[in-house]
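Take the sequences, apply the hints, and build the full model.
What follows is each chain in one-letter form.
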Amino acid sequence: MELRKAHIRNFVVFVLPALFLLAVFVLYPTFSTLFMSFVGPEGELTLQNYQSVFASGDIINFKNIQQGQFPFGTLVHNALWIAIHLPLTTFLGLFLAALLRDVKGGAIIKSVIFLGMVMPLVVGGIMIRFMFDGNIGIVNLFLKTFGFPTQTWTAYPETSLLALIFGSVWLWTGFSMIIYSAGLETIPKTYYEAAEIDGASKLRIFFSITIPMLKPITVVVVTMTLLWELKIFDIVYVATMGGPGGSSNVLALQMYLYGFRAWDFSKAAVVAVLITGLTIFAAIPLIRSAGEENVQ
Amino acid sequence: MKKLLLVVFIFAATIFMGQQITVIGPWSGAEKDAFTPVLEKFEEQTGIKVQYQIYRAEDLANLLPAQFSTKRTPGDVIFMWTSFMKSNPEHIVNLSDLIKPENFRPGALDNVTVDGEIIGIPYTGKVKPGFWYRKSFFEEHSLTEPETWDEFVALLEEISGIEGITAPIASGNGVGWPLSDVTEHFILTYGGAELQKDLIAGNVNWTGETAKKPMNKLASLLSEGYFGEPVEWTTVLEQWWQGQYGLYFMGQWLTGMVDDPSDLGVLALPGNEAVVFALDYAFIPKYSKNVDAAKQLIEFLAGPEGQTAQVEQGGHIASANGVSLDAYPPVDKEIAELLEGKATVNDLDDSIGGMWQATFWDQLKLLWVRPGRLDSVLESLQSNMP
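Sequence order for the protein chains is A and B.
Sequential numbering from 1 applies to the first sequence in this note's numbering.
Sequential numbering from 1 applies to the second sequence in this note's numbering.
Rather than coming from a laboratory, the hints here were simulated on the basis of the structure.
Among chain A residues calculated to face chain B with C-beta under 8 Å, some are:
hint, residue
1, N135
2, M241
3, G245
4, A262
The model shown is predicted, which means the values in this text are computed figures rather than measured ones.
We treat Cβ as the ideally placed atom computed from N, Cα and C, and that holds for glycine.
In structure tokens form, the structure reads like this:
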């Protein structure tokens, strides 16, 4: 009886306030946004907002996809971001974490790489703009050295999105590197010693011990990176504002443009619902992984 | 206890010291310095303290709808896009009893009149007269101002042949407005002031032949490579001043941004008879707790006295009647006189505003690097018209 009372007291004191806050600040806005996405100009419930947003070509631009010219639509741009940025940052982070593990001064190098992650993304966006600038950009300086043609890469529809994606790799690699570094520390040294005694090569050790042991870490890195890529806004807003001609536009910026340029909050809600759906879908592996850990 | 008394004293002193109102405007740096004397003059005359806060219109567009929905306002007098004011008249104080159209340049109140009610004031404005050049650059290379389109193209060809030139015309980038200013100059020259007014009103289709004509002229120059790659507008200003470009299209505020304004010359496209006179507009939100004091400031800013104080600082042209030409610095006086013979129109994208403005700026960035996509640019502009 006493135990039951303690359970109820703990629930009321610790769980209920958290549930209340979740309901007020997460569930209510989420369902309110979902509802708003179905509200028409006259206050009626309709699918018109969804039809209008998807028919506009802002989300997927089939005509331009067929013609092979940017913009392809914000959803496709986010997908491209994931296709390029996710593997690059994940593998680069793992590679750097493994490389700098036992190196003297490795912590300092890691700190420098992690600076990109610490920096506000607005500042990162401005830096990307300057990095790819035709006159003063470091990328062009590098290309010029090897005799390649130079230009302002963010100014052209074919290269603006790619410039942002590649530019943002250094901003995010620090995250995966730090998480992997922490993960590497959890692998018992005896595994490596045993493998070395058995005559396994460094490469074999890496693929047969390091990578499998880092699987839970990889789930975290991939999921968090995926969520970041789906919600990407700041860098694009500052560096190109989605241009030129929408060729580097992304879902979150499109939501902002509908909401705060067109002042059409129903259309903005449609994009918000789409982003929320995609992020929930992307977060499933992480939630499942956390569930498995709890069971263990 | 002493601390508590001190807090109470400061609080009471703040209340009884006098009225204070907050003005929100977009100007920072040198532009803010030029606005400060106007506010100081108002403070001297009325004893009302004015606090100035900087917010760009883009930021206000995010902030104000949320504030207004809770019947709050961050400022008592707010400088903002007229498109925003027209979309939100229910949140704005009616100024019809205070502001009379006959006291302003013709058309100055068009953008702030909703259903016959005046909801904002035109403050001073800036003219976008044409392509600026350095007189010394033209003299050094024996260049002359063109009288016809062919001469204009020949001039560009001549400039592109000069050693060290990146492109004949510098293209300012940033949010996108520098490109839209050049575009409007082409619309005004080869379509006339009426076309610009019709485009603002939505009476003319962007994909129709009338609107396409000036855009084709612009696209032809872009295709020939006479315009440089869009570069951040203050950076390219430096490069233009140093001789990397021959011409630079910019509003009259450029006169305050160069080392030697006396070396500046300006040429319009041949045949141009209209210029954009981009006014700054302000309004009073209904939720201001100091509406009476705000009205006093609005009246001051809209009147010849306030506007004289502003134009004396340079870079501005008054919208109110009764501002003496003698109040202008020499360069601005020339521009003010130039206005006498030309039709003035409102800024195209500021007038339409909203999503269309963002689209216009973005599509022009595309046109600048891919002029061959003019048709898709125009289609996009048309489909995004409110």
